[in-house]
Amino acid sequence: MVAARTSNQNRSQRTPALGLRLLMLAALSILIMVVDQRENHLDAVRRAIGATVYPLRVVVDAPVALWHWLRDSSESRNDLRLENSRLNAERLLTHARLQRYSALESENARLRAMLEARNRMTDEVRVAGIMSVSANPFRHVLVIDKGKNDGVYDGQAMVDSNGVVGQVIETGLFSAEAVLISDPDHALPVEINRNGLRTIAVGTGEFDRLDLPFLPNNSDVSQGDLLVTSGLGGAFPAGYPVAIVDSVTRIPQEPFAAVSAKPAAELNQVREIMLIWSVPDETGEEVPEATE
Amino acid sequence: MSLDRSSQRLPVIVCMVAALMLAIAPMPDWASPFRPDWVALTLIYWSMILPRTYSVGTAWIIGIVLDVAQGTLLGQHAIALCFVVYVTVKFHLQFRVFPASQMSATVFALLAFYQFILFWINGVAGLTTTAITYWGPVITGALIWPLLTLLFGGIRYRARSGA
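For the record, the sequence lines run as chains A and B.
Going by the numbering used here, the first sequence opens with residue 1, and the numbers climb by one from there.
Going by the numbering used here, the second sequence opens with residue 1, and the numbers climb by one from there.
Pulled out of the complex, with its shape left as it was, chain B reads as follows (with noise of 0.2 Å):
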């Protein structure tokens, strides 16, 4: 594995780009509280994947930038995110032979996790946002996280299989 790492370099960024870009890409109002946690997503399955490589550092300057995309307060995200993939990367090795719906669950708990650290800095901050909103991306994030993982497969297999 530690072969084709420099390999796999390439297409994880492409990924890491196209989350940061579906995150502050224009939804219409009844659909936005429902954007899944793209840069939480694949951040969790690529750290899962390898979690040598990607890890709590890079998850941290992830979300420095997706901080300042969004506008909120510098290192809201980064921490969130720094939580999520420290638990990913410790029990990556459980997480890797969950069943797909197993695996989901685990997903929306990571999710509720993430949201609740950035609802809780909200309200340390004195930000008024209702509770409810932080439900729709843990949801959604689960649904779509099977959906996800064939997708990031078949990047990493041919990543692989074209080196």
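The following block holds chain A by itself, in its conformation from the complex (with noise of 0.2 Å):
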């Protein structure tokens, strides 16, 4: 393309050539936008030119991985001692939690099995770094270093050790984009884990808040109440922290209350996140036999 316009010398000439290939690329931009926004069929596309886009990123994070690796590398001794017994505390203290909660799950299962219950899903979950990289600037959206190759798909569900951080929304071959729950375009049907009522939890553009705006004002929901997800919406499996209610206002002239909570998950801090895979459980009939 660039060979056959420098070839065509003549001021006269190209003046007008220039117009006519504005006008040539403006709708066939507007023909992929169109295309983009209502259907994936440009998800091929978008793959191999991300492709492409990949070593850009590889190149753009090395700086500040390479600070992190220089950071842990120099670490002294005495710290990581330290680090290493609070660590060790930390994984006993989880192991003692543990325990009491395989009891529970296989006496959930048994419990299930007797009311002949759908079975649950259990959860496959694998660690993803975030790549160093600010992506759609419109958005609250990271980047990750796990894609297709493996095995993430567009609408998976990510956690950090808090909470709930987001969901995928583009997949490329070896790096994946993921929207935050902060993201004003997205909401994330919740339930509080005290009563069980059922809400959605809107984006608001902040790091640190999460909308309910369709709590009615004689609804149950007082400050410090745990949201969980539903596992309504078919993205998120049920039963991860999203956000601890901080702020109840009821105007009585209104018909919902306003209703603010804080996301359980730190969104603007975390470096690694894990991925959920949802697989069905097969193991949850056997249980109840085992046990027997």
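The hints are simulated quantities; they were obtained by calculation from the structure and are not laboratory data.
A few of these clues could be false.
Selected chain A positions facing chain B (in silico; Cβ < 8 Å) [stated by the list, open to error]:
{"no.": "1", "residue": "Gly-50"}
{"no.": "2", "residue": "Val-60"}
{"no.": "3", "residue": "Ile-130"}
{"no.": "4", "residue": "Ser-134"}
Don't be surprised by glycine CBs; every beta carbon is placed ideally from N, CA and C.
Quick one: dock chain against chain with the hints and give me the complex.
Here is the structure:
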């Protein structure tokens, strides 16, 4: 294309062609945008170009990754020992909690089998790193270093050690883009852990606030309530902590209360997140037999 | 000028790749609303200097790559860059002789035009964003323009004398 243009030396010929080319490219752009917005036919195109963009992302991420590596490797022996003992103590505590949890889980499976309820899903979890790449300036989006090659799929849920972070929206071959729950266009079906009241948590564009716009004035919600995923939307498995209600304002004239919540995950500080694969629980049926 | 075109291609490509990398480089939260439109600035400069080599076609291709890199609507940055580069190529003879202050004002207008197209497309696509955030890159872009012309001018001079 460039070669064709350079051979076109005559100025009087070039100027009308420029306008024509602009019109053609603009029309093509509009066509692509409409197709991209409406359906997913362009995923293959996006992935192909994304493969060429991936090296750029790696190069941009490199200095930050190097800095983290340098900081990790220059930590003193004493610091490491302290951290080690802290982690050991934490591990013991978690294990103690987990013992009770596994007993509860088998009890739950027995009870569900008695009720002939549908088996719960078990979740497979894998850790992914966040690349220090700033993506879409108009949205709360981050880039993770796992892609289609690692089995990541569109709509996959993402959590950190404290709670839900977001979900994958665009899968490349080696990296993927994920939208945070704080994105203004993101809505997440949640329930209040205390009483099972279901509602929707909507992002606000601020990292430390979610809105719950659909709770009536007389609903049973109060400050400090834990919100967990309800699993209704299908994207997120049920029971992961999302946020803690931090303010409830009831205005008598308004139909809905103004409720806001603080996300449990530290959305702007995460460096590693966990991707969740939900698989149907096959062992659920065998648990009661094994314990009988 | 046509003689040293091939020797100038590599430095320009390096500039474009660097601009793309700066566009996705991490920035602290408070600074990211003021990230200059590196890609738009680079394209404005090179299409003003070499309008026959770098024109709307180049702008479109780079725009598509930028769209994929940032995960925006495919074609959004492409169409915005096309229009900006079209205006630049159309008036490149006037722009070249502008004094520095007037050129900064022109770049301000071009970047405002660029952000307006992005804003418009976001509105049509139903993305809710506040209009005020679109002004940050316009202002920083116009302020950084004189420095960029010095840098790119140096690169151009090196490339030409090296050939």
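Hint-by-hint comparison with the structure:
For A/Gly-50, the suggested interface contact is upheld, since its CB lies about 5 Å from the closest CB of chain B, less than 8 Å. Interface hint status for A/Val-60: upheld, as the beta-carbon distance to the closest one in chain B is roughly 5 Å, under 8 Å. A least Cβ separation of about 10 Å between A/Ile-130 and chain B goes past the 8 Å threshold, and the interface hint is therefore violated. The restraint placing A/Ser-134 at the interface with chain B holds, with a minimum CB-CB distance near 5 Å, inside the 8 Å limit.
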